[in-house]
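A.B. asks: All chains should be modelled from the sequences, with the hints used to inform the complete structure.
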Amino acid sequence: MFFQKRARKYWFTRTEEEVCWEQWTLSVTVGTARSEREQIEARRALEPEIEAHLMRISLRTNEHKDHVPPITNNDTYPFPFQISVSSHSDSTWSGLFKAYLPS
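Sequential numbering from 6 applies to the sequence shown in this note's numbering.
Rather than coming from a laboratory, the hints here were simulated on the basis of the structure.
Any given hint could turn out to be false.
Each computed EDC-like pair below joins lysine to aspartate or glutamate, with the alpha-carbon atoms no more than 16 Å apart [what the hints assert, rightly or not]:
no.: 1; residue 1: K10; residue 2: E21
no.: 2; residue 1: K10; residue 2: E23
no.: 3; residue 1: K70; residue 2: E56
no.: 4; residue 1: K14; residue 2: E27
no.: 5; residue 1: K70; residue 2: E27
no.: 6; residue 1: K10; residue 2: D80
Between beta-carbon pairs, the in silico distance windows are [as the list claims (entries may be wrong)]:
no.: 7; residue 1: E54; residue 2: K14; range: 47 to 55 Å
no.: 8; residue 1: P74; residue 2: T18; range: 22 to 30 Å
no.: 9; residue 1: S40; residue 2: R61; range: 26 to 34 Å
no.: 10; residue 1: E21; residue 2: K70; range: 20 to 28 Å
no.: 11; residue 1: E46; residue 2: E68; range: 28 to 36 Å
no.: 12; residue 1: V35; residue 2: K70; range: 27 to 35 Å
no.: 13; residue 1: K10; residue 2: I45; range: 42 to 50 Å
no.: 14; residue 1: S40; residue 2: V73; range: 39 to 47 Å
Predicted, not measured: the structure shown is a model, and the values here were computed from it.
For every residue, glycine included, the Cβ atom is placed at its ideal position computed from N, Cα and C.
C.D. replies: Following this line, the structure appears as structure tokens:
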């Protein structure tokens, strides 16, 4: 999820809210290799496939930029984002890992 921080004014306080302007959901199936050789073969087969998917995502995101808000600061990451990884085997909140990069 990509966010834009917006200032929100109340009577006597000012806070920031994060407004999501783009969200991507990627489904990934992780398998386990029975041997080191099987792991190497699987990695060789998957690397070009992952590279192709990343290239498709990059091209797609560069095609449509009308919804991207203007950059209003000089931060390294002008738009904070969140990466969530969830597991199908664990349906509780403890199975959800959220990582925030500095904004």
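A.B. asks: Indicate, hint by hint, whether the structure satisfies it.
C.D. replies: Hints versus structure:
1. K10 <-> E21: holds, 6 Å
2. K10 <-> E23: holds, 5 Å
3. K70 <-> E56: violated, 22 Å
4. K14 <-> E27: violated, 24 Å
5. K70 <-> E27: holds, 11 Å
6. K10 <-> D80: holds, 12 Å
7. E54 <-> K14: 47 to 55 Å: holds, 48 Å
8. P74 <-> T18: 22 to 30 Å: holds, 24 Å
9. S40 <-> R61: 26 to 34 Å: holds, 32 Å
10. E21 <-> K70: 20 to 28 Å: holds, 24 Å
11. E46 <-> E68: 28 to 36 Å: Holds - the Cβ-Cβ distance for E46 and E68, about 35 Å, lies within 28 to 36 Å.
12. V35 <-> K70: 27 to 35 Å: With Cβ atoms ~32 Å apart, the hint holds.
13. K10 <-> I45: 42 to 50 Å: holds, 44 Å
14. S40 <-> V73: 39 to 47 Å: Roughly 46 Å apart at Cβ, these two residues keep to the hinted range, so it holds.
When the structure is compared with the earlier hints, violations turn up for hints 3 and 4 and for no others.
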